[in-house]
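Enquirer: One letter stands for each residue in the lines below.
There are 4 protein chains.
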Amino acid sequence: MLIVMKVDATEREVADVVSVITELGYRPHPMPGAQRTAIGVTGNQGAVDASRFENMPGVAEAIRVSKPYKLTSLDLRPEKTVVRVGDAKIGGDELAIIAGPCAIESRAQTLAVAESVRRSGARFFRGGAYKPRTSPYSFQGLGEEGLKILAEVRDTYGFKIVTEAMDEHGLDVVERYADVIQLGARNMQNFSLLRHAGRARLPVLLKRGLAATLDEWLLAAEYIMAEGNYNVILCERGIRTFAQHTRNTLDLSAIPAVRRISHLPVIVDPSHGTGKNYMVTPLARAGVAVGADGLIVEVHDQPERALCDGAQALTLPQYEQLVNEVRAIHNAMSPAAVG
Amino acid sequence: MLIVMKVDATEREVADVVSVITELGYRPHPMPGAQRTAIGVTGNQGAVDASRFENMPGVAEAIRVSKPYKLTSLDLRPEKTVVRVGDAKIGGDELAIIAGPCAIESRAQTLAVAESVRRSGARFFRGGAYKPRTSPYSFQGLGEEGLKILAEVRDTYGFKIVTEAMDEHGLDVVERYADVIQLGARNMQNFSLLRHAGRARLPVLLKRGLAATLDEWLLAAEYIMAEGNYNVILCERGIRTFAQHTRNTLDLSAIPAVRRISHLPVIVDPSHGTGKNYMVTPLARAGVAVGADGLIVEVHDQPERALCDGAQALTLPQYEQLVNEVRAIHNAMSPAAVG
Amino acid sequence: MLIVMKVDATEREVADVVSVITELGYRPHPMPGAQRTAIGVTGNQGAVDASRFENMPGVAEAIRVSKPYKLTSLDLRPEKTVVRVGDAKIGGDELAIIAGPCAIESRAQTLAVAESVRRSGARFFRGGAYKPRTSPYSFQGLGEEGLKILAEVRDTYGFKIVTEAMDEHGLDVVERYADVIQLGARNMQNFSLLRHAGRARLPVLLKRGLAATLDEWLLAAEYIMAEGNYNVILCERGIRTFAQHTRNTLDLSAIPAVRRISHLPVIVDPSHGTGKNYMVTPLARAGVAVGADGLIVEVHDQPERALCDGAQALTLPQYEQLVNEVRAIHNAMSPAAVG
Amino acid sequence: MLIVMKVDATEREVADVVSVITELGYRPHPMPGAQRTAIGVTGNQGAVDASRFENMPGVAEAIRVSKPYKLTSLDLRPEKTVVRVGDAKIGGDELAIIAGPCAIESRAQTLAVAESVRRSGARFFRGGAYKPRTSPYSFQGLGEEGLKILAEVRDTYGFKIVTEAMDEHGLDVVERYADVIQLGARNMQNFSLLRHAGRARLPVLLKRGLAATLDEWLLAAEYIMAEGNYNVILCERGIRTFAQHTRNTLDLSAIPAVRRISHLPVIVDPSHGTGKNYMVTPLARAGVAVGADGLIVEVHDQPERALCDGAQALTLPQYEQLVNEVRAIHNAMSPAAVG
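Chains A, B, C and D are the protein sequences, given in the same order.
Residues in the first sequence are numbered consecutively from 16, following my numbering.
Residues in the second sequence are numbered consecutively from 16, following my numbering.
Residues in the third sequence are numbered consecutively from 16, following my numbering.
Residues in the fourth sequence are numbered consecutively from 16, following my numbering.
Certain hints may be false.
Since the list gives no way to pick one copy over another, a pair counts as held whenever it fits inside one copy or between any two copies.
[Stated by the list, open to error] Cross-link-like lysine to any residue pairs, in silico, SDA-like; alpha carbons within 20 Å at most:
#: 1; residue 1: Lys82; residue 2: Pro45
#: 2; residue 1: Lys291; residue 2: Ala352
#: 3; residue 1: Lys104; residue 2: Gly73
#: 4; residue 1: Lys104; residue 2: Glu76
#: 5; residue 1: Lys21; residue 2: Glu190
#: 6; residue 1: Lys291; residue 2: Ile276
#: 7; residue 1: Lys291; residue 2: Met71
#: 8; residue 1: Lys291; residue 2: Thr330
#: 9; residue 1: Lys95; residue 2: His184
Quick caveat, the hints were computed from the structure, so don't treat them as lab data.
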């Protein structure tokens with residue numbers, strides 16, 4: 016159920032609807048928009064009685080939602096969500112660039128990369144302290160020690176920090192140090208973790224699973240939002256196909272597809288999306304051209320010595336060149352195409 | 016590193032090697048076999064010095080393992096692992112049949128299905144109390160209430176109970192009620208959960224992820240075994256492909272592929288593997304014929320009213336017919352083909 | 016449009032309906048069945064006027080067909096088609112076994128393999144004279160010379176010969192030497208070749224394309240049948256997926272899926288379906304257990320010297336063991352399960 | 016074998032090497048480049064004796080080629096091939112735009128679309144006279160009648176005509192009317208047709224197959240080139256994956272992947288690559304940004320009445336907007352990024 020308020024509905028009228036939803040044992044999700052507020056209703060078993068709301072003051076209409084996703088849908092919020100991270104934004108006019116090493120390996124490595132990221136003008140710094148690795152015998156990240164290095168980088172350079180959480184405990188720790196919680200592709204349908212992230216106060220960057228359909232991805236976001244955290248950023252990072260010239264197949268059609276049904280911002284990861292250094296910049300350009308709200312890119316001061324995913328990491332000069340190229344394309348695009 | 020003991024090595028000699036491994040700060044994984052004991056070594060960064068072991072009494076040889084998986088490998092244990100669940104087995108001569116509803120919905124439903132499963136002679140009963148669902152608005156399982164119903168079924172019928180855990184807390188609860196912990200396809204690379212399962216005392220049924228390669232699947236098992244739980248049963252349950260006549264594409268080639276490199280038992284899930292009622296029995300027959308150690312099958316007394324995956328559930332008569340058919344095939348197979 | 020004749024319709028009544036269809040400029044496809052004859056109508060643009068037929072003597076009903084496939088459908092012919100190849104059959108009670116080398120390389124090689132195939136009791140011999148090869152620089156087959164060797168094998172051993180045609184000219188030549196024309200996976204949507212095969216007098220073995228949906232596969236068969244050749248045998252030979260432990264992923268669910276909508280016989284190719292010698296026999300067993308009408312298997316007297324696909328060829332003893340194993344399974348199956 | 020001539024080798028020296036290759040029974044493929052000429056050698060069984068060439072005047076070196084593709088490779092020709100079609104080019108500095116309806120349906124439709132394509136400044140006009148259709152009952156194209164309409168459009172507007180051939184006979188007819196022969200995705204491994212196209216005098220636009228790896232695609236081009244037709248344009252048009260929000264998954268990583276190993280120009284088909292009208296323009300922008308040499312786009316004056324693929328056809332205004340957007344991006348790119 017979706018309750019659309021009139022354009023001139025008062026805050027009091029919105030609050031009254033919210034109260035009735037709560038009294039009925041459901042959960043209200045008010046979404047203020049540029050034109051009007053809509054209130055999503057979740058927690059119901061079976062249909063909600065629309066007549067309970069239709070005659071309340073300020074209510075324009077009560078709409079039954081037939082799609083599986085509700086809160087992620089354009090029906091609830093026709094304009095795009097801009098996720099605010101302090102004074103930075105993802106989903107606004109500016110291209111959001113998130114850059115940094117795959118894994119935080121040391122203070123020296125992190126600072127070297129941070130210096131280059133700062134020069135590029137990016138507002139977000141990424142780096143993994145908890146690393147999901149295919150093998151139990153691979154480097155698993157520095158843990159909280161890595162988060163402390165990230166916090167130092169934030170304080171020094173003014174970046175917003177994006178870093179991954181792999182489980183509920185780790186998410187609580189990440190929340191103490193970071194600005195955006197990243198949930199990885201392999202956890203996209205870790206429903207307990209999604210719910211936990213839905214109760215966090217930080218925005219969540221939700222990567223698409225390797226074999227996730229669009230519906231599954233949006234429903235994963237819905238898990239987070241249904242718990243009250245509406246600041247979700249989607250991230251296309253490549254899907255698994257038969258193709259062997261890349262590590263994953265970057266599915267850029269996902270960007271316009273998300274746009275058509277959801278108000279959530281969506282960014283592109285050309286590093287995991289290709290797995291090959293020489294492809295990152297061309298696919299980053301393509302990601303911007305297709306209309307993504309931003310990029311997340313892996314950079315390393317010494318890719319050949321990286322403890323994780325060195326094959327896809329850009330060198331510092333390559334990264335700075337990438338930023339120049341994608342900015343030129345972003346500037347050449349019409350406002351409509353930018354999304 | 017893999018340390019192979021001589022055929023006539025004493026327990027004391029094995030214990031001495033284990034001690035040295037521990038003293039070096041590594042983790043020993045002794046695997047007694049029909050012929051000889053081998054001891055896997057994990058926890059090392061970089062190569063282990065073989066000369067430390069080669070001259071110890073009872074040691075036949077110390078082998079560097081170049082494959083990414085160690086404990087799951089036939090190198091460590093050349094004969095197939097038989098997972099014992101009380102007086103029942105998975106991986107032995109007998110075909111293991113695990114049957115029951117997708118979700119525990121009520122005591123009445125569960126008992127009705129249990130009655131049929133008992134008639135069929137199956138030793139294992141399955142049913143979900145915690146259900147991973149694509150949508151946050153779908154039925155999520157009865158939780159601990161469902162586990163209590165399963166415990167009652169066990170006490171009444173003597174089944175071994177197989178049920179899924181979705182997170183670390185849930186796994187602890189499942190361990191109090193069940194006999195085998197199931198980890199679902201979507202959690203196959205939930206590495207924190209795998210580690211937690213590795214510290215549980217119950218065997219783990221590990222489903223293959225929707226887009227998992229064989230290596231990734233075995234490395235997920237390796238995560239569990241590296242923590243000391245060697246009772247892992249693999250389960251092929253279909254992969255995601257372009258094909259649309261099934262929910263998933265059951266990849267039966269995975270059974271001989273696993274056999275060729277691992278000692279772990281492997282079973283087939285023709286229910287999720289097809290998603291269609293009419294395909295379950297033919298693919299169950301095929302799963303047995305290809306050499307699987309068992310089947311896990313969804314059965315419901317009223318599939319049309321199931322709260323979860325009704326389209327693939329067998330009716331009770333269909334299920335009993337399936338068991339007859341697969342037993343006939345199993346009996347017709349030569350011992351070598353049985354695996 | 017599908018015109019179902021009454022059970023007691025006379026040949027004359029069938030002929031009259033056929034005449035009217037032809038007069039209207041359409042093409043009639045009469046399909047005599049165990050119970051009654053049905054007549055498919057193709058060649059129409061838009062709907063056919065049912066009233067033209069409904070009152071004709073002997074007509075039970077005229078049915079509009081909404082599915083994309085018509086002649087392949089169970090609607091037209093409710094019982095399974097048995098393709099007769101001389102005194103041998105595909106689709107009947109007996110398991111059809113087609114065996115032989117990937118490519119005809121020499122008379123000596125072919126005769127060595129033929130001897131083993133004869134011992135196994137198989138009725139069909141396969142071998143490629145025209146080979147579709149990924150690279151222009153690979154062995155392309157002996158051409159008509161190879162067909163002559165096949166013809167000698169037929170005369171010597173009484174086999175029915177199955178061999179591939181790659182183009183229209185080659186198909187005409189194959190028709191002079193063989194008993195069944197094979198169309199390969201890469202040509203499944205070579206529509207000109209399909210049409211040409213539809214005008215041939217020999218049965219056609221149509222392999223599923225590497226990325227073909229069920230609908231596309233049946234519509235490829237429909238191309239052949241729409242030209243008047245109703246003797247089509249479908250062959251599942253593996254699809255392309257992300258999985259890397261096999262050359263292709265054998266999709267055995269295709270067998271029950273075809274059964275549910277089509278009367279055409281369907282066989283399994285475990286050689287191309289896996290690409291690995293050690294998997295061929297297990298998957299052959301599975302193919303029989305799932306209900307296929309037969310198998311097509313690659314055998315070589317010296318696989319290590321094969322000019323084509325040696326990695327998947329069985330040795331002669333392996334092949335004879337395979338036949339024993341699949342016969343045991345076929346015998347253990349109930350008549351209903353056999354399909 | 017690849018024979019690299021010295022920078023200052025004379026035409027006579029090149030001709031002498033060509034003669035020796037021919038005398039040895041092989042086929043020479045001289046490729047003049049900006050710096051030097053290289054001569055590919057095909058037709059050999061086993062290795063060619065390098066010493067026969069190494070001491071000939073003008074020869075710099077004779078290189079054994081270990082990759083499966085030879086003539087398509089950068090080893091043979093380090094600079095990108097520019098395919099010249101009369102006074103137009105594909106692979107040069109200018110973005111090549113090929114636009115027109117999926118199928119030629121009528122003279123009126125074709126002229127309406129042609130008018131719009133002319134306004135956009137595109138140099139190439141596309142339209143199918145022979146249509147490969149999944150169903151034998153779908154519109155199959157106007158055949159030679161359609162080619163005559165295309166020829167009229169060429170004469171009127173000065174376009175270069177790109178149109179598909181489905182079989183050898185059709186290719187001969189297409190060659191009489193068109194400027195570029197298109198080979199479709201479903202025929203990418205129709206090896207007889209590839210060979211036939213290799214003996215045509217017109218350039219060939221070779222679409223990537225739905226399930227083709229990069230190697231298979233380049234080897235398909237190699238089939239054409241091995242017959243002596245070196246004017247091959249590759250076209251990425253989407254691959255088949257599990258994703259369902261598009262008809263195909265456009266694999267833009269194929270563009271940099273081709274660049275890295277081949278000198279052939281490569282373009283993008285965002286129409287088939289997505290199958291959805293609303294995605295064509297964003298993915299066209301992405302295709303240009305990733306570095307493709309051009310686009311092939313479906314346009315229709317009345318998409319809702321199209322006899323073929325209406326869901327993906329752009330309206331005339333949408334198409335003209337697309338051209339504006341991709342030109343802006345192309346202009347914003349650095350020469351290096353353009354490819």
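Enquirer: Give the relationship of Lys104 and Glu76 under a CA distance limit of 20 Å: within one copy only, between copies only, both, or neither.
Expert: neither (32 Å within a copy, 58 Å between copies)
Enquirer: At 20 Å max between alpha carbons, let me know whether Lys291 reaches Ile276 within a copy, between copies, both or neither.
Expert: This pair counts as between: shortest inter-copy Cα distance 14 Å, intra-copy 31 Å.
Enquirer: Is it within, between, both, or neither for Lys95 and His184, if the alpha carbons may be no more than 20 Å apart?
Expert: neither (32 Å within a copy, 37 Å between copies)
Enquirer: Is the C-alpha distance from Lys21 to Glu190 at most 20 Å within one copy, between copies, in both cases, or in neither?
Expert: For Lys21 and Glu190, neither the intra-copy (37 Å) nor the inter-copy (52 Å) Cα distance is at most 20 Å.
Enquirer: With 20 Å as the alpha-carbon cut-off, assign the pair Lys82 and Pro45 to within, between, both or neither.
Expert: within (19 Å within a copy, 45 Å between copies)
Enquirer: Within a copy, between copies, both or neither: which one fits Lys291 and Thr330 at a CA-CA cutoff of 20 Å?
Expert: Within. Shortest intra-copy distance 12 Å satisfies the 20 Å Cα cut-off; inter-copy 37 Å does not.
Enquirer: Please work out whether the CA atoms of Lys104 and Gly73 approach to 20 Å or closer within one copy, between two copies, in both situations, or in neither?
Expert: Neither: 31 Å inside a copy, 63 Å across copies.
Enquirer: What label fits Lys291 with Met71 when the C-alpha limit is 20 Å: within, between, both, or neither?
Expert: neither (57 Å within a copy, 41 Å between copies)
Enquirer: Is it within, between, both or neither when you check Lys291 against Ala352 at 20 Å Cα-Cα?
Expert: between (28 Å within a copy, 17 Å between copies)
Of the numbered hints listed earlier, those contradicted by the structure are 3, 4, 5, 7 and 9.
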